[in-house]
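In the order they appear, the protein sequences are chains W and P. Just so we're aligned, residue 2 is where the first sequence starts under the working numbering, counting upward by one. Just so we're aligned, residue 2 is where the second sequence starts under the working numbering, counting upward by one.
Hints listed in this document are in silico derivations from the structure and should not be mistaken for laboratory results. On a predicted model such as this, the values are computed, not experimentally measured, just so you know. Treat the hints with caution; some may be incorrect.
You can't tell identical chains apart in this list, so a pair holds if it fits in one copy or across any two.
Quick list of in silico lysine to any residue cross-link-like pairs, SDA-like style, CA-CA up to 20 angstroms [said to hold, decoys possible]:
no., residue 1, residue 2
1, K158, R111
2, K149, V85
3, K149, A62
4, K107, T64
5, K149, T60
6, K149, F103
7, K158, P10
8, K149, F197
9, K107, A20
10, K107, T14
11, K149, T65
2 protein chains.
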Amino acid sequence: MSDVERIPPRSGTAFKVPAGATLTVIDPEGCQVADLLAFSSEDVNEVISSGRTLDYAETIALTTGHVLYSNRSRPMLTIIDDTVGCHDFLLTPCSVDTFLHFYPDKPVHRGCFGNLAEALEPYGVAPDRIPVAFNCFMNVPVDAQTGKLSVLPPVSKPGDRISFQAEMDLVIGLTACSAYASNGGSFRPIDYQIEFLGSDDIPIGAPSNA
Amino acid sequence: MSDVERIPPRSGTAFKVPAGATLTVIDPEGCQVADLLAFSSEDVNEVISSGRTLDYAETIALTTGHVLYSNRSRPMLTIIDDTVGCHDFLLTPCSVDTFLHFYPDKPVHRGCFGNLAEALEPYGVAPDRIPVAFNCFMNVPVDAQTGKLSVLPPVSKPGDRISFQAEMDLVIGLTACSAYASNGGSFRPIDYQIEFLGSDDIPIGAPSNA
Chain W
2 MSDVERIPPR SGTAFKVPAG ATLTVIDPEG CQVADLLAFS SEDVNEVISS GRTLDYAETI
62 ALTTGHVLYS NRSRPMLTII DDTVGCHDFL LTPCSVDTFL HFYPDKPVHR GCFGNLAEAL
122 EPYGVAPDRI PVAFNCFMNV PVDAQTGKLS VLPPVSKPGD RISFQAEMDL VIGLTACSAY
182 ASNGGSFRPI DYQIEFLGSD DIPIGAPSNA
Chain P
2 MSDVERIPPR SGTAFKVPAG ATLTVIDPEG CQVADLLAFS SEDVNEVISS GRTLDYAETI
62 ALTTGHVLYS NRSRPMLTII DDTVGCHDFL LTPCSVDTFL HFYPDKPVHR GCFGNLAEAL
122 EPYGVAPDRI PVAFNCFMNV PVDAQTGKLS VLPPVSKPGD RISFQAEMDL VIGLTACSAY
182 ASNGGSFRPI DYQIEFLGSD DIPIGAPSNA
């Protein structure tokens, strides 16, 4: 199992996760969104797809047991644990344009979009290839009568987490989100941890030499 | 104004629409979905984005007055008329994989995805670049309590239509949708018409030589 890595507030990173490994995204202080993107590491033209995923899941409320699909209809990530049960898969990462639109009186920030673009560039992912993200812990209720979307503070508490099993070799982009509304008005870090198959960890229930 | 063009059942097409022109998508027989994609004709890496659009509109119920944005946060199409008021911008075009998933007992069809991929190939759009479509007349209610999506028959009646003003020079992909659930179980054509700026049509209220 890898060490717990920390993404500082309003920043992002990218890293590889091999097929079979588990990626856990942790909200260490609570009320903080993490935008997650996934690309096939064999061909980054294969990318996480909100439209395929929502179509197959037949719900916008994705949680344990749901599969996140690629634009080629292949499983990329399966949600295997989720202590929150409230995430968003409708909206694109916040960006300079988002800040100009929603926060004209506040300093402009490159947002998750800019953070992801920089982090993913070494993997050959161009900014135009950044799609709708799976926004861990983001609280976006939809009014069934009017269709209106609201962006409310996350309900995640300190230490809440969501775990994904990688269904193919992946490049992951992950942020600590930079937008005011998404995070209840302030900005906190995001932690993540990767558990590799065949690591030295002793599986639960396995014989121990201790 | 162009002639009314007909898209036969379960097929698709692509064409250019210049900035300022009006594209009207018509459901001639009623209860038929049309998947619509838009790309900048100057650079097809700029593409219609559900995530940007829903974020800026703050609703999933898009109708007259709403703007459909690109992945670069630029307006692509403004909805200027809409006799239905019920469309979908959550789901990707139906495909071979969609048919295998939802209709395992029925003949597999390449679906809107295959139809769009073929029609857009001459414009330099690769299949992996096909995103969530703006699905004209598609009826996808969301249950606010559970998040569950349903695909119900369209409420569009014969002759119902939606009109868009092009906000940039565009390549449009458009289908008569091939999926059973989207269209109430059978398949009908879709019509469309383009009204160009500076065409020979006499604007309403303009002086006539007749």
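Right, here's what the structure says about each hint:
no.	hint	result
1	K158 <-> R111	neither (26 angstroms within a copy, 45 angstroms between copies)
2	K149 <-> V85	between (23 angstroms within a copy, 18 angstroms between copies)
3	K149 <-> A62	both (16 angstroms within a copy, 7 angstroms between copies)
4	K107 <-> T64	neither (34 angstroms within a copy, 30 angstroms between copies)
5	K149 <-> T60	both (17 angstroms within a copy, 4 angstroms between copies)
6	K149 <-> F103	within (16 angstroms within a copy, 29 angstroms between copies)
7	K158 <-> P10	within (17 angstroms within a copy, 51 angstroms between copies)
8	K149 <-> F197	neither (41 angstroms within a copy, 33 angstroms between copies)
9	K107 <-> A20	neither (41 angstroms within a copy, 33 angstroms between copies)
10	K107 <-> T14	neither (24 angstroms within a copy, 44 angstroms between copies)
11	K149 <-> T65	between (26 angstroms within a copy, 15 angstroms between copies)
Violated hints for the displayed structure, listed by number in ascending order: 1, 4, 8, 9, 10.
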